[in-house]
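K.L.:
Chains as they are written, first to last, in my numbering: chain A, 80 to 309; chain B, 80 to 309; chain C, 80 to 309; chain D, 80 to 309.
Certain hints may be false.
Put simply, identical chains are the same to the list, so a pair is met inside one copy or across any two.
In silico lysine-lysine, DSS-like type, Cα no more than 30 Å apart, as pairs [to be verified]:
hint, residue 1, residue 2
1, Lys151, Lys255
2, Lys294, Lys255
3, Lys299, Lys151
4, Lys97, Lys294
Derived from the structure by calculation, the hints contain no laboratory data.
4 protein chains.
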Amino acid sequence: MECQQLREQVYEANMELKRQGLVLHTWGNASGIDRERGLIAIKPSGVAYADLTPASMVLVDLDNQVVDGTLKPSSDTRTHTLLYREFASIGGVVHTHSTYATAWSQARRELPCYGTTHADYAHGAVPCTAVLTPEACARDYEEETGVQIRDAFAGLDPVAMPMVLVGGHAPFTWGKDVHAAVYHAGVLEEVARMATITEQVNAQAVPLPAHIVDKHYMRKHGPAASYGQG
Amino acid sequence: MECQQLREQVYEANMELKRQGLVLHTWGNASGIDRERGLIAIKPSGVAYADLTPASMVLVDLDNQVVDGTLKPSSDTRTHTLLYREFASIGGVVHTHSTYATAWSQARRELPCYGTTHADYAHGAVPCTAVLTPEACARDYEEETGVQIRDAFAGLDPVAMPMVLVGGHAPFTWGKDVHAAVYHAGVLEEVARMATITEQVNAQAVPLPAHIVDKHYMRKHGPAASYGQG
Amino acid sequence: MECQQLREQVYEANMELKRQGLVLHTWGNASGIDRERGLIAIKPSGVAYADLTPASMVLVDLDNQVVDGTLKPSSDTRTHTLLYREFASIGGVVHTHSTYATAWSQARRELPCYGTTHADYAHGAVPCTAVLTPEACARDYEEETGVQIRDAFAGLDPVAMPMVLVGGHAPFTWGKDVHAAVYHAGVLEEVARMATITEQVNAQAVPLPAHIVDKHYMRKHGPAASYGQG
Amino acid sequence: MECQQLREQVYEANMELKRQGLVLHTWGNASGIDRERGLIAIKPSGVAYADLTPASMVLVDLDNQVVDGTLKPSSDTRTHTLLYREFASIGGVVHTHSTYATAWSQARRELPCYGTTHADYAHGAVPCTAVLTPEACARDYEEETGVQIRDAFAGLDPVAMPMVLVGGHAPFTWGKDVHAAVYHAGVLEEVARMATITEQVNAQAVPLPAHIVDKHYMRKHGPAASYGQG
Numbered sequence: 080m081e082c083q084q085l086r087e088q089v090y091e092a093n094m095e096l097k098r099q100g101l102v103l104h105t106w107g108n109a110s111g112i113d114r115e116r117g118l119i120a121i122k123p124s125g126v127a128y129a130d131l132t133p134a135s136m137v138l139v140d141l142d143n144q145v146v147d148g149t150l151k152p153s154s155d156t157r158t159h160t161l162l163y164r165e166f167a168s169i170g171g172v173v174h175t176h177s178t179y180a181t182a183w184s185q186a187r188r189e190l191p192c193y194g195t196t197h198a199d200y201a202h203g204a205v206p207c208t209a210v211l212t213p214e215a216c217a218r219d220y221e222e223e224t225g226v227q228i229r230d231a232f233a234g235l236d237p238v239a240m241p242m243v244l245v246g247g248h249a250p251f252t253w254g255k256d257v258h259a260a261v262y263h264a265g266v267l268e269e270v271a272r273m274a275t276i277t278e279q280v281n282a283q284a285v286p287l288p289a290h291i292v293d294k295h296y297m298r299k300h301g302p303a304a305s306y307g308q309g
Numbered sequence: 080m081e082c083q084q085l086r087e088q089v090y091e092a093n094m095e096l097k098r099q100g101l102v103l104h105t106w107g108n109a110s111g112i113d114r115e116r117g118l119i120a121i122k123p124s125g126v127a128y129a130d131l132t133p134a135s136m137v138l139v140d141l142d143n144q145v146v147d148g149t150l151k152p153s154s155d156t157r158t159h160t161l162l163y164r165e166f167a168s169i170g171g172v173v174h175t176h177s178t179y180a181t182a183w184s185q186a187r188r189e190l191p192c193y194g195t196t197h198a199d200y201a202h203g204a205v206p207c208t209a210v211l212t213p214e215a216c217a218r219d220y221e222e223e224t225g226v227q228i229r230d231a232f233a234g235l236d237p238v239a240m241p242m243v244l245v246g247g248h249a250p251f252t253w254g255k256d257v258h259a260a261v262y263h264a265g266v267l268e269e270v271a272r273m274a275t276i277t278e279q280v281n282a283q284a285v286p287l288p289a290h291i292v293d294k295h296y297m298r299k300h301g302p303a304a305s306y307g308q309g
Numbered sequence: 080m081e082c083q084q085l086r087e088q089v090y091e092a093n094m095e096l097k098r099q100g101l102v103l104h105t106w107g108n109a110s111g112i113d114r115e116r117g118l119i120a121i122k123p124s125g126v127a128y129a130d131l132t133p134a135s136m137v138l139v140d141l142d143n144q145v146v147d148g149t150l151k152p153s154s155d156t157r158t159h160t161l162l163y164r165e166f167a168s169i170g171g172v173v174h175t176h177s178t179y180a181t182a183w184s185q186a187r188r189e190l191p192c193y194g195t196t197h198a199d200y201a202h203g204a205v206p207c208t209a210v211l212t213p214e215a216c217a218r219d220y221e222e223e224t225g226v227q228i229r230d231a232f233a234g235l236d237p238v239a240m241p242m243v244l245v246g247g248h249a250p251f252t253w254g255k256d257v258h259a260a261v262y263h264a265g266v267l268e269e270v271a272r273m274a275t276i277t278e279q280v281n282a283q284a285v286p287l288p289a290h291i292v293d294k295h296y297m298r299k300h301g302p303a304a305s306y307g308q309g
Numbered sequence: 080m081e082c083q084q085l086r087e088q089v090y091e092a093n094m095e096l097k098r099q100g101l102v103l104h105t106w107g108n109a110s111g112i113d114r115e116r117g118l119i120a121i122k123p124s125g126v127a128y129a130d131l132t133p134a135s136m137v138l139v140d141l142d143n144q145v146v147d148g149t150l151k152p153s154s155d156t157r158t159h160t161l162l163y164r165e166f167a168s169i170g171g172v173v174h175t176h177s178t179y180a181t182a183w184s185q186a187r188r189e190l191p192c193y194g195t196t197h198a199d200y201a202h203g204a205v206p207c208t209a210v211l212t213p214e215a216c217a218r219d220y221e222e223e224t225g226v227q228i229r230d231a232f233a234g235l236d237p238v239a240m241p242m243v244l245v246g247g248h249a250p251f252t253w254g255k256d257v258h259a260a261v262y263h264a265g266v267l268e269e270v271a272r273m274a275t276i277t278e279q280v281n282a283q284a285v286p287l288p289a290h291i292v293d294k295h296y297m298r299k300h301g302p303a304a305s306y307g308q309g
């Protein structure tokens with residue numbers, strides 16, 4: 080079977096989304112890319128998590144053509160592939176409707192960086208895209224969702240900001256591989272929940288000052304990173 | 080045993096309500112109908128979920144007469160049967176007191192459609208019925224609850240809007256079969272929770288524009304539905 | 080062993096509090112009374128739930144004297160015994176620090192009856208006692224807590240209102256036996272949570288009209304009760 | 080292996096943090112000290128909880144030098160050691176990013192004592208430190224976090240107040256040993272959640288009067304403590 084290892088990683092990532100409680104029913108999908116071959120493994124559309132196997136992952140290329148697999152790929156596939164085309168450094172993409180991150184998407188607000196939990200993974204406020212216009216909606220809906228994300232990232236580094244809220248819809252996250260993308264989906268849900276409570280107990284809450292945002296981000300990601308065993 | 084398959088489906092649906100955390104104690108019930116025979120299988124009244132079996136499901140007809148079963152049917156039976164009589168296309172009905180959907184019922188507000196999670200299953204705001212008048216309350220309470228729902232659906236298609244909030248009480252949901260009704264009960268609870276948080280983080284939140292509501296609903300339910308493997 | 084059956088019921092009730100998530104650490108206790116003998120079985124003080132057994136339940140009389148048991152009874156024992164002395168019809172008492180009910184106690188507000196979930200078990204708003212004065216606090220603290228509850232129930236029937244919020248502290252519930260008292264502790268936590276969300280989504284929410292409160296209470300508790308198999 | 084018993088206690092404490100749901104991913108750490116030998120056992124940095132063993136706990140001295148262990152100690156080690164140096168009576172320290180306590184840290188508010196649940200463990204409002212200045216941040220970040228805590232405790236007894244919120248960051252708790260520090264981390268999360276809901280249902284909520292705060296604290300901790308079997 081082609082791309083067996085990638086399929087297995089993507090299968091495991093999809094199951095991990097479910098285990099972390101980030102996906103209700105079938106409302107989420109994870110994909111990973113083999114950059115050398117230009118092939119993406121992605122969850123099939125509308126299949127229950129209990130029925131997934133590595134073999135049921137669908138292989139598509141960067142132009143959304145199914146290369147291997149008997150099932151239809153996720154209905155969000157064209158958003159995933161656009162992100163892979165636009166963000167050359169990413170190796171995995173995740174889409175969920177996790178509760179708090181989706182609520183902020185529906186509120187159409189960027190998510191402020193209120194603390195170090197957020198700053199450890201995302202360098203500043205998480206952007207929120209505009210809602211699709213009727214014209215964009217009438218074109219290729221899923222591809223246009225990717226276009227909205229790309230436009231919201233003008234001037235932003237997708238490595239330093241591995242997550243986005245799609246206005247009126249729900250979040251997408253990514254990372255160096257599909258495992259990192261899942262990890263970021265969990266981080267986003269938790270920091271969205273913390274931010275909600277932060278504003279609840281202090282309506283005048285202010286974001287973390289830039290010098291601490293920078294310090295925490297660099298502690299985990301800078302050239303002299305001091306976190307972990309690496 | 081009569082309607083064995085229907086009993087089993089309804090039994091499974093009631094147990095699934097419990098598994099999804101939509102029912103505390105015995106506060107919920109699911110029913111399914113065999114349209115050809117005009118028979119409804121429904122949970123017995125006040126029996127703990129752990130004690131239910133397919134055989135303990137009670138069979139009633141559309142006039143609320145017990146056809147088979149030694150236990151009393153759910154105290155909400157007359158609401159279920161009125162919905163089956165009024166909404167000819169539905170095959171299953173569910174009633175829960177799930178936390179967020181019940182809170183919105185108690186707040187006596189319709190549930191706005193703030194995002195695509197909602198739009199994928201319900202075409203616009205979920206209606207909330209008026210509270211029963213003293214006169215209606217003095218008549219047949221459970222049947223009058225069904226009347227309130229019917230009245231709230233004047234001009235609404237119960238297929239495109241498979242859920243309702245009963246003012247001061249709690250939600251009812253339905254679908255093409257009892258499994259779909261349970262699924263919609265889970266959707267309603269989650270979108271009610273998301274809407275609560277949406278308003279919490281943006282007091283001026285606005286509903287999703289109609290062109291996106293339509294797009295998402297049609298993506299799953301229109302003649303050219305693109306979601307799933309069907 | 081004396082009162083073996085009562086000990087077992089009270090042990091099971093304490094464990095059920097833990098299972099329902101109503102008690103964190105050791106913050107709760109349940110007791111039951113044998114009215115004929117005037118003996119109360121109650122959880123020992125500060126013992127972890129995993130270490131409880133029926134034999135570790137402590138037997139006390141209505142004057143708080145330990146009749147059987149090597150452990151100290153719950154530090155809240157004198158509140159329990161006062162309730163048994165004042166409310167002749169009750170057979171079990173429960174105290175928890177469950178999250179939402181405790182928050183309402185801390186907010187020092189009575190809990191409005193916003194819906195039928197509440198009305199099915201408690202006939203109207205759940206009272207909240209005053210906070211103990213310095214003078215009462217300097218006397219017998221636990222007994223004075225019971226006095227506050229008794230005073231808050233002037234004109235109220237403890238059968239129709241089997242629960243109370245102690246201002247600045249936490250809830251007590253009761254019932255015909257210890258099992259009913261535990262059940263009511265779960266009901267109170269859930270309706271307190273629902274009421275919190277109800278007010279969150281509608282700052283002008285109004286209580287359920289009296290005719291529906293009466294109808295629901297009578298449906299479960301009146302002489303012509305129609306709920307359950309009884 | 081050196082300090083085998085301490086390692087095991089600290090290992091168990093770290094695992095208990097995970098079991099109580101106080102730690103998502105690797106966002107937390109617990110340590111314990113052997114005062115006679117001046118040695119501290121602490122969780123290694125960035126290692127998944129599932130991979131921890133007693134042997135993987137790292138031994139450091141009060142000057143942050145690794146004494147035994149092949150892994151790097153927690154990136155927060157210098158905050159732990161400063162607390163051990165400043166608070167001579169404590170035997171264990173815990174750091175988490177638990178949801179509600181972190182939200183209050185981000186809101187940069189002290190946590191008011193609204194009820195007896197809080198008063199049983201912490202004598203008054205839980206302090207919140209200032210956010211680090213750019214100058215402090217440029218020095219030793221983790222040590223300066225400890226300095227902020229020390230400064231916030233001027234005039235406070237760390238035995239009567241075994242917890243703190245670090246502004247813009249997250250909580251630290253401590254106790255007579257690492258087990259007590261973990262217990263206090265659970266208490267803080269729960270009372271932070273209760274306080275959030277208390278303010279939600281009563282925007283004018285007032286703290287518990289001092290005479291009840293004192294009574295409850297003394298009931299558990301004073302010379303005539305009446306709680307538990309001790």
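K.L.:
Can you list which hints this structure breaks, lowest number first?
P.N.:
none
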